[in-house]
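Engineer: Since chain A is already given, all that's left is putting chain B with the ligand on it; use the hints.
From first to last, the protein sequence lines stand for chains A and B. Going by my numbering, the first sequence opens with residue 1, and the numbers climb by one from there. Going by my numbering, the second sequence opens with residue 1, and the numbers climb by one from there.
These are calculated hints, taken from the structure and not from any lab test. A couple of the hints might just be wrong.
Unchecked claim - Derived coverage of chain B by chain A (criterion: at least 3 residues anywhere in the stretch with Cβ under 8 Å from a Cβ of chain A; other residues may be distant): (1) 211 to 219; (2) 227 to 241.
Stated by the list, open to error - So the derived label-pair ranges between C-beta atoms look like this: (3) A:E125 / B:S73: 25 to 35 Å; (4) B:G350 / A:A190: 45 to 55 Å; (5) B:P278 / A:A190: 20 to 30 Å; (6) B:I34 / A:F112: 43 to 53 Å; (7) B:P278 / A:L191: 45 to 55 Å; (8) B:S176 / A:N98: 20 to 30 Å; (9) A:E61 / B:L363: 44 to 54 Å; (10) A:R178 / B:A17: 54 to 64 Å; (11) B:T159 / A:E61: 35 to 45 Å; (12) A:R178 / B:G128: 52 to 62 Å; (13) B:A77 / A:L191: 49 to 59 Å; (14) B:R100 / A:A64: 52 to 62 Å.
Stated by the list, open to error - Computed cross-link-like contacts, EDC-like style, restricted to lysine to aspartate or glutamate with a CA-CA straight-line distance of at most 20 Å: (15) A:K23 / B:E285; (16) A:K106 / A:E72; (17) A:K228 / B:E181; (18) B:K81 / B:D65; (19) B:K231 / A:E72; (20) B:K192 / B:E181; (21) B:K192 / A:E134; (22) B:K81 / A:D111; (23) B:K40 / A:E72; (24) A:K54 / B:E47; (25) A:K229 / B:E180; (26) B:K231 / B:E180; (27) A:K100 / A:D111.
C-beta: ideal position from N, C-alpha, C; glycine also.
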Amino acid sequence: MKNEETVLSEREKILARVREALKIPAHVPGAHGTAPLPASAHSPAADARSWLPKVGDSFAEQLALFQSTAAELKAEVQMVASRDAVKAALAKMASDGNWKRIATHKGELTDFATADLGLPICRTEGGYDVQEMEACDAGITECDALVAQTGSVLVTSLSAGGRGLSVLPPHHVVIARREQLVADLPAAFALVQKKYAPHFPSMISFITGPSRTGDIERILVLGAHGPKKLTILCF
Amino acid sequence: MSTFASQFLKQARVMTADLRHRKIIRTALTNYEIVRDKRKGAFQSWESARQAAAETKWEAVNHLDKYLVELVSKLEARGTKVHWASTGAQASEIILQIVRDKQARSVIKSKSMTSEEVHLNAALEKAGLEVVESDLGEFIMQLRDEPPYHIVFPSMHLTRGEIKDLFQRELGDAPSDSPEELTMVARRALRKKYLTADIGFTGANFAIAETGMISITENEGNARLTSALPKTMVSLLGIEKVLPRLEDLALFLPMLATAGTGQALTCYNTMYGGPRQPGESDGPEEFHVILLDNHRTELLADAEQRDALHCIRCGACLNACPIFRNVGGHTYATTYSGPIGSVITPHLRGLQDWKHLSNASSLCGGCTEACPVKIDLHHHLLQNRRNAATEEPAFFERSLYQIFGFVANRPALWAVAKKLGRFGQPLQNLVKGTALDPAKAWTQTRDLPPMPKESFKDWWQKRKG
Ligand code: SF4
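Isolated chain A, as found in the complex (with noise of 0.2 Å):
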């Protein structure tokens, strides 16, 4: 490494730099020639959701956006009636994909879900060999929220066992509950705040739809490095 002061004297400088820059104000985006804005504690985005794709207010309507999103999104929503249903849910989805090995983390509604389903699971907490979730079929998590507005699910690496589980293994399901269904973005930050500041965790992500490319000629293809499958199961 650098010895701490060459380190120290290229930030000085950079900040150096930058405050003899701005010595000559700018104008203001869109008013020529005003007079600088004052650094404020109010965000212009702030009123984001007044411009941002607009969301209804009930929750029956904020659901139907969110299915009707995450579909066109070829990620898939399985509503169920109960939590006792998620259990069937998932079962059958093992049946169908001939599930031979899942991987997944400690929580109470993956615990709950995966007890009966008698594969071998790979568990992530404390740390898990990468070589055997790859080999999984599907990585079954929790999730912090879902958001209406683009059909996302939030996750966390404390909520949904780490950064690889929701990327590694082909098949992603969800686990959520209804309640966990917020409207829109500015929600959902708000909610990340309220949930976790100043103790984030090291890795926050919004994963709408399952992963994808268009890099061939502009062409979808799912499953470029992340799941092929996401599937939201909520109760």
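Structural biologist: Same frame as chain A, now just chain B with the ligand:
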């Protein structure tokens, strides 16, 4: 003319005549335009969102020192090692030092234009490391040993047939030319690399001062894997990437996706705030963030063009630009091409060498209109032209205008010049477009409208009389 300018002209001439290339780009971008417009339409007010995004970026860039200090202290508080690099060479050296400390042999990379800017791959390969690009488009370009064609769509100029041949030649694995199967070939090849790489390298789309995080936008999941599996994670970002607050992402993530690829949100939008924390099951043991200046502070010092630092690298201005669409990305010979590249490259690499890019514009304003953060792109192109001319006036051009001014200010001389012109034009037609033609640069590809038999002034005078 600088060698860069003559290279540009030469290459542009070849590319504009390449109808096949133009058709590929047009097809790809027409599809993009359709989905992008649909997504823009879904916003309750795309214009208000643009204004808010511009103001948020304005606030961040115009208080950059404050936000950088905040970002760094928050990052460090949770165990991230932050490095500062004034130049590209310094950034590469910092990464090489990490490589040496970790005795690393291989690096898996997710997409990063900033690493292209500092020529990181070359530096790492020179040090004997295996470097693998994991974004499919970048992987394809790496196999071709070419820089990315476009900042968001690196391989958009290639057909599936070309990619099949490439995979066959380089990987010995190309069952067919179906995009699906070709993608799976890359998936298989790269899976092995993630599992064994010592270092995961990423860029960043945003950095959040308030919470001390970087944010990465992607579709493939390659950045997610890059930051999950290797023991060491290194992220390189320009100092201008910082945003004040976490909630700002609620606006910027969908805007980047909409303008960049015509998606409501890309598949993975991920914030990283440190190495593996206590109680987490995986993630890198070390997380290094390198903040790069590399002439950004010079652009910052130009208050008139400071807003060029608001750029979120969505590529929308490239897609809108008639010049880009016809000359293609590689003709620019710069890391950042299209309108934003033409604006910032003179700041990054020297005005006199790169001023020609600001002339490669029809000034239609399509770029400014497309830009989600409202950068005044086409005015900046004009300002570059002005700055270049003030700094180093072109003797020939200036003399021409002086002569023109002299003649135009003297009615008698002007009348003679008009007569001469009318007489001379048929003669010029004889040599039109050849080496003898004094107006060759213009007439080679364009017609000069014939001068009317009678000038307006003469006609007016006759009519009165
Ligand atoms: S200048 Fe604007 S349109 Fe062009 S890449 Fe940057 S943000 Fe996008």
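Engineer: A separate judgement is required for each hint: does it hold in the structure or not?
Structural biologist: Hints, one by one, checked against the model:
no.: 1; hint: 211 to 219; verdict: holds (count 3)
no.: 2; hint: 227 to 241; verdict: holds (count 4)
no.: 3; hint: A:E125 / B:S73: 25 to 35 Å; verdict: 31 Å, holds
no.: 4; hint: B:G350 / A:A190: 45 to 55 Å; verdict: 46 Å, holds
no.: 5; hint: B:P278 / A:A190: 20 to 30 Å; verdict: 26 Å, holds
no.: 6; hint: B:I34 / A:F112: 43 to 53 Å; verdict: 45 Å, holds
no.: 7; hint: B:P278 / A:L191: 45 to 55 Å; verdict: 23 Å, violated
no.: 8; hint: B:S176 / A:N98: 20 to 30 Å; verdict: 25 Å, holds
no.: 9; hint: A:E61 / B:L363: 44 to 54 Å; verdict: 46 Å, holds
no.: 10; hint: A:R178 / B:A17: 54 to 64 Å; verdict: 60 Å, holds
no.: 11; hint: B:T159 / A:E61: 35 to 45 Å; verdict: 44 Å, holds
no.: 12; hint: A:R178 / B:G128: 52 to 62 Å; verdict: 55 Å, holds
no.: 13; hint: B:A77 / A:L191: 49 to 59 Å; verdict: 22 Å, violated
no.: 14; hint: B:R100 / A:A64: 52 to 62 Å; verdict: 56 Å, holds
no.: 15; hint: A:K23 / B:E285; verdict: 40 Å, violated
no.: 16; hint: A:K106 / A:E72; verdict: 31 Å, violated
no.: 17; hint: A:K228 / B:E181; verdict: 13 Å, holds
no.: 18; hint: B:K81 / B:D65; verdict: 19 Å, holds
no.: 19; hint: B:K231 / A:E72; verdict: 36 Å, violated
no.: 20; hint: B:K192 / B:E181; verdict: 18 Å, holds
no.: 21; hint: B:K192 / A:E134; verdict: 10 Å, holds
no.: 22; hint: B:K81 / A:D111; verdict: 36 Å, violated
no.: 23; hint: B:K40 / A:E72; verdict: 17 Å, holds
no.: 24; hint: A:K54 / B:E47; verdict: 15 Å, holds
no.: 25; hint: A:K229 / B:E180; verdict: 15 Å, holds
no.: 26; hint: B:K231 / B:E180; verdict: 31 Å, violated
no.: 27; hint: A:K100 / A:D111; verdict: 18 Å, holds
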